[in-house]
Structures are given as structure tokens and as C-alpha cells.
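Q: Based on the sequences and whatever the hints tell you, model everything.
In order, the protein sequences belong to chains S and R.
Residues 1 to 323 (our numbering) are what the first sequence spells out, left to right.
Residues 1 to 635 (our numbering) are what the second sequence spells out, left to right.
Quick caveat, the hints were computed from the structure, so don't treat them as lab data.
It should be emphasised that the depicted structure is a prediction, and the values quoted were computed from it without experimental measurement.
The reader is advised that the hints may include incorrect statements.
Once the Cα atoms are required to be at most 27 Å apart in a straight line, the calculated DSS-like pairs of lysine-lysine come out as [what the hints assert, rightly or not]:
1. K84(S) / K118(R)
2. K382(R) / K316(R)
3. K306(R) / K367(R)
4. K94(R) / K500(R)
5. K118(R) / K164(R)
6. K209(R) / K84(S)
Derived Cβ-Cβ restraints for the label pairs, each shown as a range [said to hold, decoys possible]:
7. W148(S) / E196(R): 42 to 52 Å
8. L315(S) / L628(R): 15 to 25 Å
9. S43(R) / F69(S): 47 to 57 Å
Glycine is no exception: its CB is placed at the ideal position from the N, C-alpha and C atoms.
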Amino acid sequence: MSTIGFLARKILSSSITIFAIVTTVFFLVRLTGDPFAELENDPRISPETLATLRRLYGMDRSWFEQYMFYIYNMFRGEMGYSVKYSRPVFDVIIERLPYTIALLVPAITISNYLAYKLGVEIGYRRGSRVDIVVLSLSNFLRATPYFWLAIVFLYIFSIQLGAFPLYGAISPGTSFPSIEWLIDYLWHYTVPFLVLVVRGVFTFVLYVRNSVIDILGEDYVSVARAKGLPEGVVKSSYVARNAMLPVITVMGLRYAFIIDGAVLTETVFSYPGTGRLVFEAIVNRDFWLLQGVVLILSISVVLANLIVDLLYALLDPRVRSSR
Amino acid sequence: MVKQPTLFGICLAIIVLSVASGFATLVSAQQEIRLSIQDPPRSQCKTYGGALKIGIGSKPNTLNWFVAGSSWEILVLTPIYNRLVRFFNGTLVKEVAESIDMSSDGKIYTIRIVSGIKFHDGYPLTAEDVAFTINMLRNYSWAYYYGVFRNVDRAEAVDQRTVKVYMKMVDAGFVENALSVMNIMPKHIWEPKFRELGDGVAKYSPSLKELVGSGPFIIVDYQPDQYVAYKANENYWQGRPCIDQLVMSFIGEASVALLSLEKGDIQTYSGFIGPETAPRILSNPNLAIHVYQSDFYYHWGLNNRKWPFNISLFRKALAYAVDYNAIINTLLMGYGIQGSPGFVPPFGVHAKWYNPNLKYYTYNLTKAAEILDQLGFRDVDKDGWREAPDGSKFKFEIYPPNYDIIRVRAAEIIADSLAKIPGGGLKAEVRVVEWATAWSLIRGGQVDTWLLGSGPGFDISWLQTRFHSKGSANWNRYSNPEVDKLIDQLVSELDPEKRKELAWRIQEILADEVPAVNLYYRKFIAPYRLDVFDNWVRLVDDDLVNWWNFLFIYSKTGRPAQVIKTPAATVTATAVIETVKTVTPTPTQQPATITIPQVQQTQPALPNGMILALIAAIVIVAAVVAVLVIMRRKG
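A: Have a look at this one:
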């Protein structure tokens with residue numbers, strides 16, 4: 001089958017997946033409550049106010065009508081209005097998305113890269129002192145709660161060293177397009193970034209290490225060595241490259257969850273971003289906001305999957321020929 | 001001949017007199033009653049300058065005041081707007097209103113406002129703006145404060161300084177519930193918005209330029225999820241605030257807020273801090289704690305419509321089975337007081353309505369056992385649990401909110417003591433479920449009991465929403481025709497003495513009938529720094545992030561009247577101090593209008609830590625590169 005046919009099929013199945021996810025979420029979230037419920041315990045809110053708000057946000061319609069409206073809006077590229085924020089869902093998300101992307105894309109990329117490099121090294125030297133150190137460190141860091149790790153980092157870098165801020169992404173008073181702003185931004189950026197990278201590296205290094213160890217037992221590695229190839233070539237061309245295959249799915253999919261990826265980082269560092277938005281939308285039953293976020297999330301998961309598939313085809317000739 | 005005219009004269013005099021007296025009664029019927037509202041407290045700045053940085057526990061989601069409902073949204077908008085009247089330590093004080101008169105039938109309020117107030121953009125604040133704000137809140141039912149304004153028929157600006165508010169029906173709590181929370185919005189900005197968008201204003205997010213008020217601070221920056229920054233309004237009509245800048249940063253993690261406070265990044269924190277942190281805060285000589293009382297009544301809600309909770313004697317037995325001492329002293333670590341059985345808090349705004357003669361319920365399991373025996377709840381099959389009068393197994397649920405560990409523990413304490421009732425316990429199951437789910441069950445009347453915290457309103461008419469059988473937030477589904485009648489009277493009665501009598505009577509009935517078991521009012525702690533700022537205003541019922549502190553706090557290191565550094569500041573400082581001196585304590589005095597050259601806002605210098613951070617960043621990057629290079633070489 002041609003590449004275009006392959007792509008077309010992928011895109012079709014992806015859109016069906018997205019549609020299914022969005023529909024499920026639409027109805028599931030409506031089973032669990034009502035965004036205006038909390039207001040009912042507020043003595044200042046009158047029943048008329050609640051009724052008007054329900055009407056303004058379309059909650060007085062039947063589910064089916066709401067659903068049709070939602071789908072119609074989706075095709076127009078609109079996401080409706082957030083109840084909690086009293087403004088368009090799109091605006092709410094777009095305000096926070098740059099922070100999340102700027103924090104997570106580099107953090108994931110660098111941690112993936114370092115995890116890969118480190119994993120190959122320690123996989124190659126399994127049982128050595130370095131391996132044991134990295135392995136135990138990895139187990140330790142994976143077992144510690146993430147927010148605790150973040151608070152420890154905060155304590156070391158911001159309190160003990162006093163070198164970094166405790167909260168926020170920019171200091172009040174710095175205007176946007178300036179060198180000063182950039183420095184201030186990076187100053188706030190460093191610690192959350194470091195926590196994400198450290199956690200990422202030590203989580204994923206194990207996948208790579210195990211994959212490398214598997215590959216080392218393969219016949220073609222023995223053959224390469226028997227051919228008398230230098231160990232460096234065996235490592236880079238035979239082991240490292242093949243070890244990448246099983247790992248790339250796991251690591252590639254990390255990008256898909258960017259939008260809800262950094263809830264704890266955002267909470268501990270009071271850093272703006274979309275992670276807390278997802279959490280809040282669920283807690284507050286902010287239907288339209290949650291639907292908007294889920295739409296983006298499902299699209300990015302499907303896209304990331306697609307890219308991983310394509311990368312696979314690029315890296316592994318067997319996938320290409322067996323199609 | 002002489003007699004007749006005299007008789008005629010007498011008759012005439014009688015007629016004239018009676019007509020006149022009739023007129024007099026008519027006039028007196030229309031006479032206006034001046035509401036007694038105190039003058040606000042005043043304070044003189046010792047210094048000017050400094051940036052007050054404050055941490056707040058959550059973030060505002062919208063800066064559109066018409067829909068702003070969360071306490072954070074209201075707080076963040078407080079410094080930029082004025083109100084007609086405002087609460088200070090439980091009493092109403094004047095602000096923009098110079099006087100408020102009420103017609104004797106309670107149908108018309110006449111509000112005189114201070115003249116000479118200007119919005120940040122230079123437009124004068126007039127009666128038009130006040131009338132506009134009231135009319136919008138009354139006309140648009142999606143507005144957050146619609147509920148407290150819905151008894152208004154219309155508001156009219158009679159002249160520049162006088163507003164008349166016509167009521168549809170008498171609302172005795174109008175000034176306290178509605179006017180004390182109403183920010184005066186500029187008509188020239190919002191009227192076009194309402195004309196253009198109509199109901200769409202409910203979903204409108206104003207830009208910084210549209211966030212214009214007449215308050216002591218001007219909003220200069222807002223970063224969603226991060227902070228709001230303000231600068232002092234140098235021309236503020238009550239005299240400029242002492243500080244130059246105000247920043248509210250949104251810090252959700254209390255532990256991080258405490259670290260920031262210890263480091264000196266913020267001066268105080270408005271958000272939830274557990275009492276267990278008090279010793280640590282107090283061990284720092286630069287930190288202090290302000291303890292304040294929250295008026296939320298945390299109660300054990302009972303579904304008064306479900307058997308056996310519809311029996312008031314049974315509810316009384318439950319009230320005797322609560323170990324109040326354990327909840328307040330052990331669980332809340334002493335930071336709380338027992339809830340009044342009449343539900344009206346004994347402090348703050350509510351103190352004047354509180355009935356001090358009520359008998360509080362005490363932890364008395366024998367009494368609970370007596371009542372249960374009397375009602376026929378006995379342990380028939382000797383399994384240690386009481387059965388229902390018909391001999392069937394009896395148990396019920398308690399739903400505490402899953403997000404509040406204190407209430408979850410309180411529910412467990414209650415369940416424990418119920419199990420210990422002599423002669424057989426009552427079986428209560430604590431169900432910790434996700435709150436939104438539990439809440440919908442409670443609203444639907446599908447569960448037996450729950451633990452809820454509810455806020456009372458400023459005026460005593462709040463009893464209507466909670467305890468009237470038609471009350472919109474009567475979750476206990478309490479229904480008593482006598483209480484309904486008393487509450488109806490309470491809402492329409494204008495005489496404060498009579499209202500007090502009614503309020504006391506209602507509280508007596510509530511205490512006797514126990515619609516719900518009032519458990520506690522919490523005390524919270526607000527930590528603050530002592531070293532940089534002075535003159536903290538500490539209110540009984542609020543933390544330190546409030547209107548009065550925005551105005552009164554001054555920096556210990558600010559610029560005093562004499563010491564002047566830059567020439568630009570010379571003009572400003574002296575001019576402002578003169579203004580302050582000329583302002584007499586009465587708010588009627590028009591503040592001297594002095595044009596003050598805008599001080600160029602200087603960008604804050606690079607913090608010392610930032611240089612360190614840069615070096616650290618470079619070192620980290622270099623280390624990473626070095627590791628990579630070494631790896632590559634080895635490979």
C-alpha cells in the first residue's frame with residue numbers, strides 16, 4: 001500500500017477516535033454533576049440568578065441539543081464559554097498554553113535525550129558501579145512523590161541557596177519584550193524545568209537500559225562483534241539504534257500529554273499553565289472548558305501516535321515492508 | 001354679634017388645626033429616617049513608598065466585577081473601586097455615601113454622595129454612576145449580586161449628588177446586604193458595553209484599561225494565574241494610600257507561601273494555613289500571627305424530611321451525642337468555638353442579632369440514651385446497636401466533604417461517640433465521596449446527614465434562605481410554620497428593636513428544634529511580617545488582606561516627609577503631604593485638587609539572586625554539555 005493510502009487510513013481512523021473520545025466525555029461529564037452546584041450554597045445567589053446562568057451557558061437545553069450545538073461549534077472552531085472563567089474557553093486555554101509548551105517541550109526533549117544517552121551507557125555497563133548508582137537513584141526518584149521532590153528542589157535552590165524565586169513565572173513589573181524579561185523568565189523557569197528533567201531522566205532511563213540489555217543478547221550483536229567491528233560502532237549502530245525502537249513509543253507519547261502534564265509542577269511552583277486548568281475543570285464540572293481541553297488532548301494524543309508510527313517506519317525497515 | 005364670629009373663628013381654627021394636624025401626620029408619614037452610619041476610621045501615613053507584596057491562596061478567574069463571585073475575585077477588585085458604605089469590624093461606616101435616608105415606609109432610600117470624587121481616568125463620580133450600578137445589578141439576573149438587589153424597583157439620579165432608590169418591597173437588610181458590597185462602577189465605561197452586548201456582559205472579560213474605578217489603587221498589570229499589580233492612586237480623594245505599589249501573587253500551596261513569607265518575598269498571606277504551623281511561624285522574630293474568626297457555621301446537616309430526622313426529639317438526641325470538646329480542642333487545636341444552637345454567630349457583624357440566653361448543647365451521652373429510649377430506639381437483639389422502634393436494623397450515613405480533612409475527622413468523631421451511647425450505639429457510616437457528587441445528593445434530599453459549612457449574610461434576614469421552609473438554601477429541609485411567619489416579619493420589619501426581638505425568638509426555636517447540629521465556627525491564622533511594614537489593621541473577622549490595610553499600612557523604610565531623594569519625588573511628596581494636611585476628617589470636605597506630576601515608574605533592579613541564578617544556569621548547562629562530550633568520546 002502506498003504511503004498516501006497509509007496516511008489517509010490513519011487520518012480517518014484518528015478522526016473517528018477523536019470523535020468517539022469527545023462524545024464519551026461530553027456525556028460522561030454531564031452524569032457527574034452541575035457547574036453551578038457550588039453557587040447554590042451561597043446565600044447571595046438567588047434561584048433566579050442560577051436559572052439565568054443555566055440559560056446563558058445553554059445548560060437548560062436537553063443533552064441532545066447541547067451535544068448538537070457542541071459538534072456544530074467544533075466544526076466552526078469554537079469551544080463555547082467557560083462557566084468558571086466567564087469567558088470563551090479558547091481564550092482561557094490560549095492564555096496559558098505558551099507557558100506549558102515552553103516549559104514541557106524542552107523539558108521532555110532534553111530528558112528524553114539524556115535518558116536515552118544515559119540508558120545506553122548504563123545498559124552497556126550493567127552491573128558496574130555507575131549502573132548501580134543510576135539504578136538505585138532511579139528507583140528512589142520514581143518512588144518519591146513528585147510534589148515532594150519539587151518542594152525539596154524549591155527548598156534547596158530557593159531557600160537554602162536563595163538563588164531562585166519561590167513562585168510565579170515572571171516578576172511583577174517586568175514588561176514583556178525585553179532582555180530583562182527574558183532573564184526574569186529564565187530565572188523563574190530554571191527550578192521547575194530542572195525538576196521535570198531530573199524526574200523525566202530517571203524515570204525513562206530504565207526503559208532504555210532494559211531495552212539495551214535485551215539487544216545486547218541478540219545474535220546480530222554477537223555477529224557484529226565476531227566480525228571484529230570496533231566496540232564503538234557496535235554500540236552506536238547496532239545496539240543504541242535498535243534499543244531506540246521500543247522506547248520511542250513511550251517517550252514520544254509523553255508529548256501528547258503536554259496539556260495536562262504538569263499539574264503538580266504548576267501547583268508547587270505557582271506556575272501558570274494548562275495542567276491546573278484540566279484539574280479545575282474536572283473539580284468544578286466546568287463542562288465546556290473540560291470539553292475544550294479534552295478535544296485538544298485527544299487531538300494531540302492521536303497526532304503523537306501518528307508521528308510515532310511514522311518514525312517507527314523510518315527507523316525500522318521491517319514495519320515498512322510488512323505493511 | 002360678638003359671639004358669632006368667635007364661634008366661627010373657633011370652628012375655623014378647629015378645622016384649620018385638624019387639617020394641619022392631618023397634614024402633619026401625612027408629612028411625618030413621609031418623613032425620612034436618617035440611618036446611623038459611623039464615620040470611617042482615619043489614619044495618617046508616617047511615610048510614603050514601598051511595594052506591599054501579598055500572597056493570596058487562589059486566583060481570580062474573572063476581573064469582571066458584575067460576575068465576580070469567588071472571594072478572591074472580589075478581593076482582587078477591592079483596591080480599585082469605592083463603595084457607598086463598608087463594614088469595619090462589624091459596623092457600617094461611610095465611604096462614598098455622605099448620608100442615607102430611608103422613607104418611613106422603607107420604600108425609598110435617598111443617598112447623598114460625596115462630591116469631587118474622580119475615577120482613575122479623570123471622569124467625575126456622580127449619582128449617575130451609583131444609579132447605573134444599582135440598575136444593572138437589578139436588571140441583569142445573571143449578576144452575582146442580583147439576589148441582594150432584586151427587591152429594588154429602580155434607582156434614579158436626582159442630581160449630581162443625590163440618588164433615590166425605589167424598592168418594590170420592603171427589604172430591611174438592603175443597606176447592609178446590598179449597598180455594603182456594591183462597588184461603584186463607572187457608567188461611561190460599562191454602559192456602552194451593556195448596550196452592545198446585553199447579556200453578553202456576563203461572559204465579557206474587561207481589559208486593564210476598562211478596569212477603571214475611583215479607589216485608592218490603579219491596576220497596572222494582571223498575569224492570569226500569577227499576580228495582579230497595582231500602583232497607588234496619588235489623587236485619591238480620601239488622601240493617597242501610604243504605599244506606592246501593591247502586588248497580589250496567587251500562591252496555591254500554603255507551604256510555599258510560608259517559605260516565601262519567611263524569606264520576605266511576601267508580607268502576609270491570605271489563604272488557608274493550618275493551626276499546626278503556628279509554633280513555627282512564631283519562632284521567627286520577624287513574623288507574627290493574627291487570629292481571626294470566620295463566621296461560617298460548620299454544622300451537621302440533617303435531612304429534616306427523612307425519618308427519623310423529621311422528629312425534633314431525635315435530632316436533639318444527636319445534638320447531645322456530639323463531643324464538641326474533642327472537635328474544638330483536639331481536632332481544631334483550640335482554633336474554633338462551639339457553634340451557637342441558634343446558628344447566629346456571637347461576634348462581628350452578627351453580634352447585635354445574637355441571642356446570648358441560648359442554652360448550648362453539651363456532650364451528654366446519657367441524655368442522648370434517655371431520649372432514644374423514649375423514642376423507642378432500643379437495642380432489642382443485644383448486638384450493641386440500637387434498632388428502630390419497629391425492631392428493624394437502623395443505620396444512617398454522614399457525608400463530609402472529601403476536600404476538608406477536618407470535617408472528615410469530625411464526622412469520624414461523631415460516628416465514634418454515637419457508637420458509645422450507653423445501652424446500645426447508633427450506627428452511623430462516614431462516607432467520604434467526591435464532594436460534587438455528594439453535594440448533588442444532599443441538594444436532592446437523597447441522603448440522611450452531612451457536614452457543611454455555610455456563610456451567614458450581613459443582615460439577619462439571611463435566616464430566610466436557610467431556615468424558611470421556602471428558603472433557597474434550606475438544605476436541611478426544615479419547615480416550621482411559626483418560624484416561617486417570624487422570618488417573614490423579620491424581613492419586612494424596619495424597627496431594629498422589633499427585629500432583634502424576632503431574631504431572638506427565632507434563635508430560641510431553632511435551638512430547641514435543632515434543624516441541624518451547629519458544630520463550630522473556625523478561627524484562622526493570618527501570618528504577617530513585622531520588619532518592613534507598620535500599622536497593620538487587624539479585624540476581628542477578617543485576615544490582613546483587606547481594604548483598611550491597603551490604605552493604612554506604611555513602610556518602615558519609606559520616604560518620610562523631610563528626607564527627599566530625587567527632585568521629581570520632591571514635588572510629589574510635599575504636594576501630597578500638604579493635601580493630606582488640608583483634608584479634614586469629614587468626608588464631605590472636597591479634597592484639594594492638586595495636579596501631581598506622574599512619577600515615572602522605575603523598573604525594579606535586577607535582584608541579587610538573579611545574578612546567582614544566571615551563574616547557576618550557566619554552570620548547569622556547561623555541566624550537561626561536558627557530560628555529553630565525555631559520553632561521546634567514550635562511545
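Q: With the threshold set at 27 Å, check whether the alpha-carbon distance from K94(R) to K500(R) stays at or below it.
A: Given that 27 Å is the threshold and the Cα spacing comes to 23 Å, the pair holds.
Q: Could you tell me whether the CB distance from W148(S) to E196(R) stays inside 42 to 52 Å?
A: This hint holds: roughly 51 Å between Cβ atoms.
Q: Check the following: the C-beta atoms of S43(R) and F69(S) are separated by a distance inside 47 to 57 Å.
A: Cβ of S43(R) to Cβ of F69(S): about 55 Å, so the range 47 to 57 Å holds.
Q: For the pair we were handed, K209(R) and K84(S), check the Cα-Cα distance against 27 Å.
A: Within the cut-off at roughly 23 Å; holds.
Q: Holds or violated: 15 to 25 Å for the Cβ distance of L315(S) and L628(R)?
A: holds, 22 Å
Q: Can you confirm whether the C-alpha distance between K84(S) and K118(R) stays at or below 27 Å?
A: violated, 32 Å
Q: For a C-alpha distance cap of 27 Å, please report whether K118(R) and K164(R) respect it.
A: holds, 21 Å
Q: Does K382(R) pair with K316(R) here, judged by a C-alpha cut-off of 27 Å?
A: This hinted pair holds, its Cα atoms lying about 24 Å apart.
Q: Is the straight-line distance between the alpha-carbon of K306(R) and that of K367(R) 27 Å or less?
A: holds, 23 Å
Hint compliance for this structure: hint 1 is the single one not met.
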